[in-house]
Every structure is written in structure tokens, then in C-alpha cells.
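With the hints as your guide, set chain R onto chain C.
In the order they appear, the protein sequences are chains C and R.
The first sequence begins at 4 in our numbering and counts up one residue at a time.
The second sequence begins at 562 in our numbering and counts up one residue at a time.
One thing to keep in mind: the hints can contain errors.
[What the hints assert, rightly or not] With a Cα cut of at most 20 angstroms, we get these calculated DMTMM-like pairs of lysine to aspartate or glutamate:
hint: 1; chain 1: R; residue 1: K696; chain 2: C; residue 2: E101
hint: 2; chain 1: R; residue 1: K723; chain 2: C; residue 2: D123
hint: 3; chain 1: C; residue 1: K105; chain 2: R; residue 2: E654
hint: 4; chain 1: C; residue 1: K73; chain 2: R; residue 2: E590
No wet-lab data here; the hints were simulated from the structure.
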Amino acid sequence: MKRIFIVLGLLWCNGVSGQELKDTVAYAATLGAYQYKFADTAGVQHSLQEFEGKYVYLDIWASWCYPCRKEYPFLKELEHAVDPRKIEVVSISIDQQEYRWKGGMNGYGINEGVQWWASDTMFVQAFRIDRIPRFILLDKKGKVMQFSMTRPSNEQTITFLKKLK
Amino acid sequence: MKRYGVAILLLILVSCTKKDDALTELARELGSYKYSYIETGNAIILNGVTSGETTLTYRGFPVSLTGNASGETVVTATIDTSLVASYNTLYNETNPSISATAFLPSFNGSYRIAAGENTATDSLYITLNDASKLKDNTLYLVPVRLTANNGGQLSTSIVFFKMMVTLTAVDLYINGGGSFDYTYPYARNGSQYWGFYLSTDDSGQPIGPASLNISVAAGVRYPFDELHAYAVTDVSDSLITAFSAAAYTTYEKFPEGTYAITKSSATVAPNTLYSKDSLTVSFSNYSAFKPGTFYLMGVKLVTDPNDPLSAPARKGVTSYALFSFYIFQ
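Isolated chain R, as found in the complex:
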């Protein structure tokens, strides 16, 4: 009778034992969660396409067992994206969700522990693999789950890494260019500026440059392909008005037929900063310029939407080359 009583009691105990929910189980599993491992990663972004994912800094986590391995043991690491939401709930954080391929564990996620040893030779860290869905300047939580074969008991089965991801946008700006007589380009209000004060020859014809080269530079090296720069002329009222205001001088736009871009594209070779050739702007019909008047025209970098290697112009005035003519009376 007594035996039946004990059996019934055990049955009641077992049936009343409530299974913990996943979050509580996770919290218990993370009882020894002691460190946030900090990593940094970077990718290059050109026209919305990311490439060159690089893990810049990391600290390896030692993959170890609670005791020595009885035989060769392989520990497998997998990124468990579902743990981001659980972590946020547990620790009251708002880490962004990640795709399964955004980050990968080091050493293809495989860590061998030799028989008699308790720690793998290779250490665990995460690498930035695909930044296409990641945001610039954002900290990502990357949870890694570890499992061991051969019945090995892991010291830690879940490791959290925090990776700060930055995206470096490729862009182009005007870097400088050719000179004529004693007039060289220099940076004025951020743009490259050529200011010509032109005298006239015996026949009263102004003496000015027939053409000038303009060089282009990339803001960051793009290792994977060459970059293409495109330019157009700009004599818009907004440009003339803004420059006149900044220079406290009234400028007029270059007369029609006095300027043209005769080479409207340039190339920056892979993994270099400066264009290997130049844009060229040509000047003609000098008789159209009135002596005693300040004239201005601009050349600005633009993007060709049909060319995937056409890098965008840097925002702001550094994507401009400006030319002013003043003919002495």
C-alpha cells in the first residue's frame, strides 16, 4: 500500500512539473554570461551595392569543454538569429534583427578539440559576411550557439558578440587640374577654383586658355573595379547667384558658345584614389566676353544611372570646378 502511495505521489509530482518556457530556459542557460565581446566591421557601398566586407577588430572566444575531451571533439558554431529577439526581451534592449548570412562564425564554425585537451586551438569570433541589409554606424548583436559532438559538455553554449558595422560610401570629388600662365586652381569655399584675369593682345583679343584639364579623386579606395566620373557644365542662375553672394562681387554666366566639355568622363583605377586621366573643358570665342565684367561657369560631377561603376559625386561644393574670367579693359 505504502509503495502505491509513493508511486502516486511521484506521478503527481512529475505531472505537475511545469516545463519552463523558452525564455526562462535561455535565461538559465545564460547564467554564466559574463562578457560582451566587441567587434568592428566595415563594408564599402557603391550605388547601394555593398562589397569588401571586412572584420576590423575582434577578440577570440575560447571554445572549451568542462573537462578534457575523451576523444577528438568537434564543436560547431551557428549564428542563431532567433536569439536576438529573446535577448531583447530578457535584457530590455532593442538590438536590430539580422539575416542568417550577415555574419558568419570564424573557421567555418568548426572547432576541433584534441583528445585529452579541453580547449580548441582556434578561437571563436564572428566575421562580417554580407552587409547588404545592414545599416551604417549600427551596433548588431550576433548570438552564436555552440554544440559539441561525442557528448562533450561545453563550458559555454551561447556566446554573444556585438559588432559595430560601418559602411563607407564611395564618392568622387574634384581634386585639382591644369594651369594657364600663372593661374592655378585652388580651393575656394570648398570648390576647386580657377580665377583668370586676362589681358588682350595687340589686336584686342583676350589671351586665355584653349582648354584645361580637371582631375578627379575618390573619397575611398575601391578595390574591386574602376570608378567612372562624369561631368557636365553648369551656368545655372542658382550657381551664379550663390557664388556672387559668397564673393561679394556680381558675376555673369559665361556667354553661350564660349565653353564646352570636350572630355566628359574620367576613370579612377581600382584601389587608387586619383583619376588616371582628366576631364577637359575647352574655351573659345573670347570676343564674346565683355572687358571689365566678371564671368563664371562651373563643371560639376554627375552620376550616369546607366553605368554601375559611375560613382556618385560627393555632396556639397567639392564636386564643382569653377572658372571665372575677367578681361582687363
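So that you can see chain C by itself, here it is in the shape it has in the complex:
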């Protein structure tokens, strides 16, 4: 129950209201994150199921998104601040082309943490990624806990993540 209020509160802060809020919460509850495949820089396929038992803070970005790149230093700070045994921070690029993703990582010095690439659009469609940066919090079983979470640059984010049991 408490979790629902937190979700509602954070969505409200993000400018979502009324019916849209109800629809989004109901929709997010149906989503599972483990069915989607992502590639690492070596081309190896991964699933978020690898982090089952941990919370996952997803950072959805693209090389062409300046506001996303601006969050990266804060994301690094966040990653060092949270307990890695409890929380995994995963960056997922939605670049259309792999070379753009890798070029962006090299060009902008984005080289820490788990960096994966969403090679098809299934994940983007299911999670309604229509603006970025977008941050999503998954629970220990890969279900959506927060469909649109606060940014790493928001101090409340680290505080909230540290309180997770």
C-alpha cells in the first residue's frame, strides 16, 4: 500500500494526472522486464533477469540525447552511493544503430556501469519510452515499481533508493 502511494506521488510530481495516472499505474503493473533482450558492447545477449533478487534502477538514454548525457555524472555518483548488493544500476541505450551507441559512449566518456543496448524496439514500445532520459525502478522480481522515477540529479532519488529493504 505504501509503495502505491510512493508511485502515485512520484508520478504526480512528473506532471501526470487523473485518468492518465490510473491508466499508467495499471499498465505498469502488467509489465515484466525479464522477457527483453539487450546486448553488451561485446555483442553478448543479456536479460534483466540476471539481477533477480535485486532492485534495478534503469537509465534509458540515447547518444543523441543531451539531457540524458547531462545526467551521467549524477548517475555515476548514484551508483557509488547505493548498496550494490541490493541495487543494480543499468543503462540501456535506445539508439537505433549500435555504432551510434558505442560512438556515443566513447565520444562522451560514458564508460562505467552496466551499459546495454536495446537492439529492437519491443522494450521501447512496451515501456512507452516517448521521451528521454527516463528512469524506471524494478523490484526484485523484475516488476515495475516506478514507471517513471526521479532523475539521479534529484537528491531524493538516492535517499529513496537507500531506504529500499
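Just chain R now, with coordinates in the frame of chain C:
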């Protein structure tokens, strides 16, 4: 005296205040730039001409003032193409330049905010308008500048959208066709293939088809007009050699005078996938075929450069219908 001193000091301060260059001003204006709005758009391209520009996905941006409007306020959105270069400089990107008409703001770029409200009912997004100068599978930065009348102060005066544009090329391929006896076309190495093993009648004359229909399909629906398919026969050495190699069998080309295209064009109606009529290839002079020999001929789709509705053949072997004859000895 003191008053003069203050005045001189102020004068010096004012005259020494350097006006920021346009890029610095822009950077300051973009201090609250928080999101990249993602859109997708598509257009159909036939013989280099684009049409059917469609905005597939978008997320509306709320057009709002910093406070409630004192009277009805109209916010105007315009695509500012000059900001692409500034953005590239500011953020170290290489977004391609765009024409003023490639994209348009939603709702004709006009957003009304009622008195006492602070957000417009209609939201801002961009639509794909003219893809003629755009490239396939390319991400475009579309900067939108907002201005308000009535002295309204906008929450955000510049919004950046990123639209992924794809161009779907219209093409045609051979889809199938008629049968004779128990021989039906099937896909072989990508082409539609009819393989006839023909027996002879009491007089020793091979029994084969007098003609066969060939149907054509479009790779994508073209809503705006019909598409025209054209075909020619092909018994070139390159075709015969390539097929022989793929089939591990030696084929000869059909003898002259044994084949002809008797209907060399077909039409795909607007917004449909399959041709409403067929191409027809006719066969005659069966006595020219030697028993015990494999023969091959092809029908391939071509473009008529004089017909703007002549859709190009799909690249590769799917634009071929292949016919082989083998007469039992």
C-alpha cells in the same frame, strides 16, 4: 560631486557590459532543457517521389505559461531551422539540417490558453510534412520556438524534438501464377519457379501449356494511385549459367520462337497488395524442344521510365518468374 561620480561609474558599467553572443544566449535559454521528445515518421517513396507523410508516434509537449493567463493568450510555435546548427555546436552533435517545410508544428502552430488557465488545451508535437529532402532511417532534430501574445511568459520557449524518419520504397515482385496439369509455381532460390516434365502424345508432340498467367504483388500498399508492373523475357547466358550452377544441372535456353510475353503489363489497384490482372507468357512450337534436355527461360519485372506509376522491381531474384521444360524421351 558624489552624484557625478556614481553617474560616471554607472556609465562605465553599462558601456563595459558585453552583450552575450547568440550561442551563449541560447545556452542560457535552454537552462531548463530536460527532455528529448521522441517521435517517429514515415513516408512512401516511389521513383524518387515521396508521399503519404505520416507521423507514427509522438508525445505532446504541454504549452504553458509561468502563471495564469490574464486574458486569452495565443502561443505560436514555429520550426526554427537555424537552431539545428546552434544545437550541434552547443551539444557536440551532428544533426542534419532540415528545410522549413519538412516538419510542421501540430495544430498549425497555434495554441490557445484561456484566461485564468496556464496550459493550452492542445499540446505541441511536430508532424512530418514533406519528406522529399529527407533521408531514410535518419534521426532529425526539430527545434520549435514558442512565442506568446498578450505579454504571456512561457514556461519553455524552445522545445527540441527528435524524429526518426523512415522511407518505405514501393517495389514489385512476382507473387505466383497459374498451373498446368499438376505443375504449380513455387519459390525456388527466391524466384517463382514452374518446372514442367512433359510427356508426348501419340504423334510424339509434347503436351505443354499454351500460356500461363503470372501474378505480381507490391511490397507495400500505395494509397495514392495504381501501380503498373512491366515484364520482359530473359534467356540471357548469365541467367541460364547462374540457374544451372544453383541447380547442379545443365540447362539450355528456350529455343527461339517457343515463348513470348502476350500480356506484358499488370496493374496493382490503389491501396492493395496483389495485381488485379496478370502478366501472360505463351508457349508454342514445342517441336523445337529436344527430348531429354533441360530448358529454362525467365520473365523479369522491369521499369518503364516513361510511366511515373511504373514501380521498380524488387532487387534480387524475387522479381523473376522462371520456367523449365524437360521432355521425356
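* Asked: Any hints this thing doesn't respect? Which numbers, in order?
  -> Going through the list in order, the structure violates no hint and respects every one.
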